[in-house]
Amino acid sequence: MDRADEPMSTIREQIVAAVHTALNTERPAGIPETVRTRVESPGPDALPVLTVYQGREVVSPKHAEKADPGRGERMAIRGDIVNRKVDVNFEVLVKAGKDDPPADQAADPYLAWAVRSIIGAGRFGGLARRPAEEQGTQFSYEQADFSYCRATTTFRIEYQSKTDDAEQLK
Amino acid sequence: MTGTLGETDIEAMLADLADAEGAVEVRFGSTSVLGLFDRASAELFAGEMPTLVADSEGVHVKAGSLPGLAAGAAIIVGGADYKVLKILAHGDGAMEWIALTSP
Numbered sequence: 000m001d002r003a004d005e006p007m008s009t010i011r012e013q014i015v016a017a018v019h020t021a022l023n024t025e026r027p028a029g030i031p032e033t034v035r036t037r038v039e040s041p042g043p044d045a046l047p048v049l050t051v052y053q054g055r056e057v058v059s060p061k062h063a064e065k066a067d068p069g070r071g072e073r074m075a076i077r078g079d080i081v082n083r084k085v086d087v088n089f090e091v092l093v094k095a096g097k098d099d100p101p102a103d104q105a106a107d108p109y110l111a112w113a114v115r116s117i118i119g120a121g122r123f124g125g126l127a128r129r130p131a132e133e134q135g136t137q138f139s140y141e142q143a144d145f146s147y148c149r150a151t152t153t154f155r156i157e158y159q160s161k162t163d164d165a166e167q168l169k
Numbered sequence: 000m001t002g003t004l005g006e007t008d009i010e011a012m013l014a015d016l017a018d019a020e021g022a023v024e025v026r027f028g029s030t031s032v033l034g035l036f037d038r039a040s041a042e043l044f045a046g047e048m049p050t051l052v053a054d055s056e057g058v059h060v061k062a063g064s065l066p067g068l069a070a071g072a073a074i075i076v077g078g079a080d081y082k083v084l085k086i087l088a089h090g091d092g093a094m095e096w097i098a099l100t101s102p
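Respectively, the protein sequence lines represent chains B and V. Take 0 as the starting number for the first sequence in numbering that gives the first Met the number 0 and just add one per residue. Take 0 as the starting number for the second sequence in numbering that gives the first Met the number 0 and just add one per residue.
Be a bit skeptical, because a hint or two may be false.
[Unchecked claim] Below, simulated BS3-like cross-link-like pairs (lysine-lysine); rule was C-alpha separation at most 30 Å, straight line: (1) Lys-61(V) to Lys-97(B); (2) Lys-85(V) to Lys-97(B); (3) Lys-169(B) to Lys-97(B); (4) Lys-61(B) to Lys-169(B); (5) Lys-161(B) to Lys-97(B); (6) Lys-65(B) to Lys-169(B); (7) Lys-84(B) to Lys-161(B); (8) Lys-61(V) to Lys-61(B); (9) Lys-84(B) to Lys-65(B).
[Claimed, not checked] Okay, the calculated bits of chain V under chain B, using three or more residues with CB under 8 Å as the criterion: (10) 17 to 31; (11) 48 to 60.
These are calculated hints, taken from the structure and not from any lab test. Positions of the beta carbon are idealized from the N, C-alpha and C atoms, including for glycine.
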């Protein structure tokens, strides 16, 4: 099959898919399946809901220096590789009822699993330059028929691709 | 007429509604009054992912009819146990809205 006929998949997409796979591999008891980029609005009966989705990506071109004989100086030229940092978010939705621990406490085991599985996945089979770096967790709270908590941990993953082809590492 | 508009008629109107099964008993401790129960969907956690859809439940009662009621108190509405989330004055102040959560 010609390359033009192959399905497109950027290195970024491959990394997010690998994160999703890591979250759903050898899950401990009590950890539900993580959904990739949720499209439904769950109700209380569906909780806990775990979701992984990509956020912002920052691209930093790499420049090399080259002598410019005409000006007697060195000049920057665009390199063949760009550095990329993509933020991958792991979201937990939980509720707490009458005899339950507080909702943020209920989220804790899932957040611990995310750190262990995502960072433990290393370089995602060589796609990333280094293991994911945990950036922080945002907790939000709501009160309705139950106490609800949303906790979102962001992981930053650094990788490279060819400047003119996001599907190619080098 | 003194006080807020229609204040003197509230209990009679709630009693009429109860006769038509449109009002429920609200019990706090040894005090029992009639109220209007309401349940509506609430979309929570707006953000990048779709919202969580929960139930927002509450009951309207005549203002001051449940002395001592405060957030966190246990309350029975229509025979079901709830906990009071908050109490808000409603309309002209003759009624109050008791937001409920599961106990």
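Status of each hint after checking the structure:
no.: 1; hint: Lys-61(V) to Lys-97(B); result: 27 Å, holds
no.: 2; hint: Lys-85(V) to Lys-97(B); result: 17 Å, holds
no.: 3; hint: Lys-169(B) to Lys-97(B); result: 55 Å, violated
no.: 4; hint: Lys-61(B) to Lys-169(B); result: 13 Å, holds
no.: 5; hint: Lys-161(B) to Lys-97(B); result: 54 Å, violated
no.: 6; hint: Lys-65(B) to Lys-169(B); result: 21 Å, holds
no.: 7; hint: Lys-84(B) to Lys-161(B); result: 14 Å, holds
no.: 8; hint: Lys-61(V) to Lys-61(B); result: 70 Å, violated
no.: 9; hint: Lys-84(B) to Lys-65(B); result: 26 Å, holds
no.: 10; hint: 17 to 31; result: violated (count 0)
no.: 11; hint: 48 to 60; result: holds (count 9)
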